[in-house]
Amino acid sequence: MTFLTKKHLSRRAVLRGAGATIALPLLDAMLPSATALANTAAKPTTRYSFVHLPHGAIMGKFTPKTVGRDFELSPILKPFEPYKSYMTVVSNLDHKMATSQSPEEAAGDHDRTASVFLSGAHIKRTIGQDIHAGITIDQLLAQNIGQDNPLPSLEMCIEDVGALGVCGAGYSCAYANTISWSSPTSPLPMERNPQVIFERLFGAGGTPAERAERRQVQASILDSVVAEVSSLGRGLGANDKSRLDDYLSDVREIERRIALAQERAGAASGERPEVAELPFEEHAELMFDLQVLAFKTDITRISTLMLSRDLSGAVYPASGVPDGYHAISHHQENATRMERYAKLNTYHMSVVAQLVGKLASTPDGDGTLLDHMLMLYGSPMANSNAHDHYPLPVVVFGRADGRYAGGKHLMAAERTPMANLFMTIASREKIELKTFGDSTGLLEI
Amino acid sequence: MARLAGLKRIPLALAIAAGFTALAAHADAPKSAAQGFLQDTCFKCHSEGSESAISVFSGFYLDRLDVDHIAANPEQWEKVVRKLRTGMMPPSSEPRPDPVARDQFVTYLETELDRLAARQPNPGRPALHRLNRAEYQNAIRDLLALDIDAKELLPGDDASAGFDNVAGSLGVSPVFIERYANAAARIARLAVGDVAMTAEQKTHYVPNFLMQSGHIEGLPYGTRGGLKVEHFFPLDAEYLIDINLMSAVNGIHIGNTVPNEQLELSMDGKRLALFDISKASPAPPAGEEKDAAEDAADNAGAPKKPEPKSAAAAETETPQNPQNPQDQEKAGEKWEVRVPVTAGPHVLMAAFIKKNHAPIEDVVEQPSNTLLDPLFNGTPEVTMIAHVGSIVVDGPYEATGPGDTPSRERIFRCHPEAASEQAACAREIVSTLAHRAYRQPPTTEHLSVLMDFYQQGYERGGFEKGVEVALQRILSSPQFVFRFERDPDRGSPDKPYRLTDTELASRLAFFLWSSIPDDELLDLASRERLSKPAILEQQVRRMLADPKSEALTKNFAGQWLYLRNLDIKGASTYEFPDFDDNLRNGFRHETELLFDNVVRNDRSVLELLTADYTFVDERLAKHYGMPGIYGSQFRKVPVTDPRRQGLLGQGSILLVTSQPNRTSPVTRGVWVLENILGAHVPAPPPVNIPPLEEAAGKVDLSTLSVRQLMEAHRGKPFCEGCHKIMDPVGLAMENYDVIGRWRELDHGAKIDAKGHLVDGTEIDGPVELRAALLKYKEQIVRNMTEKLMVYATGRGMEYYDQPVIRSIVRNAAESDYRFSTIVMGVVTSAPFRMRASESLAEGTVTSADARWLGDRR
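So the sequences go chain by chain: F and R.
Using the numbering used here, the first residue of the first sequence is number 1, and each one after it goes up by one.
Using the numbering used here, the first residue of the second sequence is number 446, and each one after it goes up by one.
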């Protein structure tokens, strides 16, 4: 892991050792030393995490052969063995909206599916500013249960999205760059830099002492601004006074948030990550740790993570597969290539399993984070060789305060919209909806 | 209706109006001439009994109003004036009124409305104004000599009435407060140079469609492509500077197969490193690489050896197959140096040494947009060459001190030698900063609050930390963030009052500079001399001549003419492969330079439409088919082709009024009518209107010209009423395609640019359109003046502002509408110099609204 503290090692030294991975004790040092906030049965704080990969899987080796409670893990899902009792494999889900709806849309599977993934919405084909998709499930949750947290939601990615402005087939890159939309016209940027995420979670400043000091100065300035405002009303009309009142209440709200952040992040020790370009595994692990930290400190309850992006040519040396991700996903139904792709799928699942493992081993209230959350892993593609969007590889983990049993393989009815899963998640969070995306009903999960 | 007494009530003192009534007095009908004109010309549609779709839709019933007593409905009559003055009414389908009678009627209305305004002046009352992003950024520049990117620090602003400095829409929210508070902390730290600051990364991106096959203005000659940025280095320290190359969506560096590419990184014109970036080139022997590195270090004069790392060193074990880029590994090379840099702004440049003519020698001719399809990368006969993607600056590391930055020079007006002098010096620094930031001296009480924060900082980290914390407090103050204008302690609640000189200084500075006043303005204001007419005029001329008045071009013209929309407007890549960011930037630059020329050389504002000159570089000249212009710098050139004279022939305007894949005559028509002529085009009716393509039904779209598409759409009579106003204007511009090139054909059909405007004028093509528009010279100037008034006062213009606007235009006519006369007209006008009391401002609007609503019901 190349998360360095400059006391230990200068960047110069890292550059000299370029290529070599320098492992340092990492986020353990960053984890809060104090106990996490009490998560009691009376006041459950359910968290939601959504993890995305773009290129589907060899479904024959992904879908377990047996259904129900005593299902047999498939080869690709083997890395999840330790967490089987927390996992529900949901088969036969369909993202019809990711398939082309008209001849012009035909070539655009890779350019639109990321935005269909969590929305189930039709994506408007455009390269102009009139982009239109649908609100995604993470943002629906954030708008309903995330508003009391310092950060309503956290959006992360691994691969650089700063590629070209127009993606392909007449679609704006906005669609391929995110899996999170706060409204049909508002894509949320996915943040790649762990440093920026850290600052978003815990504030600016390299060390806890610095951050605490800055928050303190900030708090005392806002306090003094509140006093100042009362002296500024002279000579203002009623309208302007009411604008000033709004301003004042907003200042107070920020004071409250800073106090909250002080309380929640104050315990997070360690230093802000100082990052260079990280190898995939290390970057992913750092993102996992930040996510765990954000959940544990209750700074946010909702996160999304794009582990890769459509058309990615990334090579994962640790997987033992020499091919680029997108290239091998077009396995041409060739047995050798399919074997290689299944191997890469299994490797990816082993990476995702690390996140599940971290969640399962992080104490939270009367159990672990995994007891109090739902994590969804999936891809909006099935057989990526054919750009199919059915049947999708989808697994959910966690009990979400008893709302999900786990430990089963659910074979949904053929061509069940994936949006039915989102409807189910919303309904169990007591969010009333008529439909979500192209949903047709609920799942018996 | 009892209108009979009307005639007698018209004051005889009004020469023109009197003439008009006298003329009518000969008529037999017992009514005023004005009433007669209305009845003959307007009532057919605009009266209670009319079945006209327009009347029903707009609810504009003129028979309910009393034209002989315009004081009862001034807002409605201003609308009538606008419709008639801009030739929008009566429509071409109706008989033309006698021009003399029409002119007399409008003049009568205007004279009456102006008289009414003179009797009951209402200068309006802008709401409490918050600094918008542009103003905040400029204020920080002028206060602290620090360039920041406000887009990164602050949330976006909403616009209304066409501008984002309209006070009423500049709201606040918790997010806004949070961002402003964080910005204050960050700016204070950067400006003072907090040596304890931690390293951070800042990425300067090259726009995605900036083509890099040629020389880019500002970069060294002999290079191609690349990026030039000014970066602020906050401390004397070491910094890592990385260059990233542009990659395709699949992560492959574009152009990685072209041999012998070299990339130079320089700072302030001195080379920091020369990188060999070719993957395909043979790996240099180890010794050679070392030489290159040492050479680079010598050139940089840097004590530390930079560490360029050749691509060869990063060669992976993965099998490479250049014919199939997707099988290549995402290139993991890094072109990076770590160098000591002195604090302050420095210019970083990354550009390729021009060595390759590979694309030019290709069998297949390249489109200008060389990144059109990154999958071309590696296609035989098509060469893609490397493009710089971004420059990343990471630091500071191992800081040695705050250094000498322009910001520190501006802040630290004194340097205490002994501890005993510190408090006094801090007080001087803090009170000076607060005075400039708040545009007026801080009160004694407030200064003592600021000094408490100095003390708080002092206790944490000494004198400089104290100044930093006090500065953070100043920037967090509502007195910085809001522009307060206060009612006088004593004054009649129904009378408008003059702004103080201090408030006037702020209005001037935010109008002409989008920033805070400078010391000269503050000084004149504090001595109450600024409002003296001669001094005011002299100051306005000084401000217009100052480079800071470029804010007028960026913020006023940028929004008035929609130039800001260029950033988000694209042309379909596949249909317009020659469209790229260079062209987009060129379009913007051309129009900005034209506007700037009018401002700086005090030209007639009509020159915006008629200029027989323009500003182009080689790329733009080629695009317009102007021969003999070489090089990447913009220059003034004569324009002899009348089709390219003025705004209507400029790519900027033509692109922002198009769809990505086709022109939009409706958008172009509306743009011309609303932004040039100042006519109000009715909004589309609240019914679901399908886009052109759908309305055309099942016809093969590829065979239809845009005109044919539109004719299919306006087949419905209900649509035709408005479309016949907008469409002929836009259709006259159909010879310009989406990216402003001249064309004769559209989808195989010969362009038909003929039509008749709503005032009945027959036109064919853009040159005749311009001539037809210029018949409305006064209206064109009136419109620009109105927009300038919105921008200057930060509020939308109401009916009661129209008399003021008319008078500014009348006065400017004598100087052939020179820009400065219009600006002087604005800054000496009541809406700019005065403020209505709240009861007056509210009363006027509410009662008018109430009357209007009553009429509609």
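Among the hints, a few may not be true.
What the hints assert, rightly or not - No farther apart than 20 Å at their CA atoms in a straight line, the calculated lysine to any residue pairs in the SDA-like style are these:
| # | chain 1 | residue 1 | chain 2 | residue 2 |
| --- | --- | --- | --- | --- |
| 1 | R | Lys647 | F | Val196 |
| 2 | R | Lys993 | R | Asp1026 |
| 3 | R | Lys910 | F | Arg214 |
No lab work stands behind these hints, which were simulated from the structure alone.
Each hint tested on the structure:
The suggested pairing of Lys647(R) with Val196(F) holds, with an alpha-carbon distance near 11 Å, which does not exceed 20 Å. Distance check on the hinted pair: Lys993(R) and Asp1026(R) sit about 26 Å apart at the alpha-carbon level, beyond 20 Å; violated. Restraint check for Lys910(R) and Arg214(F): the C-alpha separation of about 12 Å stays at or below 20 Å, so the hint holds.
Consistency with the previously given hints fails for number 2 only.
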